[in-house]
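**Student:** Residues in the sequence shown are numbered from 1 upward in steps of one, following my numbering.
These are computed hints drawn from the structure, not numbers from a lab.
Hints are supplied without guarantee of correctness; some may be wrong.
As the list claims (entries may be wrong) - What follows is a set of in silico ranges between Cβ atoms, one per label pair, in the way DEER data are often shown:
{"no.": "1", "residue 1": "Thr26", "residue 2": "Leu3", "range": "32 to 40 Å"}
{"no.": "2", "residue 1": "Thr8", "residue 2": "Asp40", "range": "16 to 24 Å"}
{"no.": "3", "residue 1": "Pro78", "residue 2": "Ala54", "range": "29 to 37 Å"}
{"no.": "4", "residue 1": "Asp49", "residue 2": "Glu69", "range": "18 to 26 Å"}
{"no.": "5", "residue 1": "Lys87", "residue 2": "Leu3", "range": "24 to 32 Å"}
{"no.": "6", "residue 1": "Cys29", "residue 2": "Glu113", "range": "15 to 23 Å"}
Stated by the list, open to error - The calculated DSSO-like cross-link candidates involving lysine-lysine, where the alpha carbons are at most 27 Å apart (straight line), are:
{"no.": "7", "residue 1": "Lys79", "residue 2": "Lys41"}
{"no.": "8", "residue 1": "Lys41", "residue 2": "Lys87"}
{"no.": "9", "residue 1": "Lys41", "residue 2": "Lys105"}
{"no.": "10", "residue 1": "Lys70", "residue 2": "Lys41"}
{"no.": "11", "residue 1": "Lys70", "residue 2": "Lys105"}
{"no.": "12", "residue 1": "Lys70", "residue 2": "Lys87"}
{"no.": "13", "residue 1": "Lys79", "residue 2": "Lys105"}
Since we're looking at a predicted model, the values are computed, not measured.
All residues carry an ideal CB built from backbone N, CA and C; glycine is no exception.
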Amino acid sequence: MGLIDFDTLLYGPVHGILGDDEAELTLACGDPPVTLTVIDKTEGIEVLDGPSVATIWPAAVVRAALLAEKGIAVESLPKASLRLNGKDWTVVQHSYAPSPQGEDKGEIRLLLESCHG
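Construct the complete structure from the given sequences, taking the supplied hints into account.
**Tutor:** Written as structure tokens, this is what we have:
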């Protein structure tokens, strides 16, 4: 019996239903924009900021497999621009939400900062 494919059975359908497929990511290196399906979490998610201090950050969640499929290296995400729901954001940093199969089969949380303060 093999492992459950979380990306196919869980993340793919969830992003298909809840995701915004009009999000546009532009990397800081100047590559052309790429359209991604992301889940809008710009209302804020809890992020551990230091040993025991949690903060709320606006975020977008994207499947790690989708980034790989589009040829986007996770290391290139900081300082990228994301246009989501008519608003422009800058990716400040990212964090992993891995599946039991590892980081590359889970989700990437893009922590965002509004481009307009």
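**Student:** For each hint, tell me whether it holds in the structure or not.
**Tutor:** Evaluated hints:
Between Thr26 and Leu3 the CB atoms are about 35 Å apart, so this pair conforms to the stated range of 32 to 40 Å. In this structure the supplied range 16 to 24 Å holds for Thr8 paired with Asp40, their Cβ-Cβ distance being about 23 Å. About 21 Å separates the C-beta atoms of Pro78 and Ala54, a value inconsistent with the hinted range of 29 to 37 Å. Take Asp49 and Glu69: their Cβ atoms lie about 31 Å apart, and the range 18 to 26 Å is violated.
The hinted window of 24 to 32 Å between Lys87 and Leu3 is violated, with their beta carbons roughly 38 Å apart. Look at Cys29 against Glu113: about 19 Å separates their beta carbons, and that is inside 15 to 23 Å. At roughly 18 Å between alpha-carbon atoms, Lys79 and Lys41 fall within 27 Å of each other, so this suggested pair holds. Between the alpha carbons of Lys41 and Lys87 the distance comes to roughly 13 Å, so the proposed pair stays at or under 27 Å and holds.
For a cut-off of 27 Å, the pair hint linking Lys41 to Lys105 stands: about 20 Å separates their Cα positions. Between Lys70 and Lys41, the direct Cα distance comes to roughly 22 Å. Compliance with the 27 Å bound is thereby established for this hinted pair. A threshold of 27 Å between alpha carbons decides the hint, and for Lys70 with Lys105 the separation of about 15 Å falls inside it, so the pair holds. For a cut-off of 27 Å, the pair hint linking Lys70 to Lys87 stands: about 22 Å separates their Cα positions.
This hinted pair checks out: Lys79 and Lys105 have alpha carbons roughly 24 Å apart, not beyond 27 Å.
Checked against the numbered hints given earlier, the structure breaks hints 3, 4 and 5 and satisfies all the rest.
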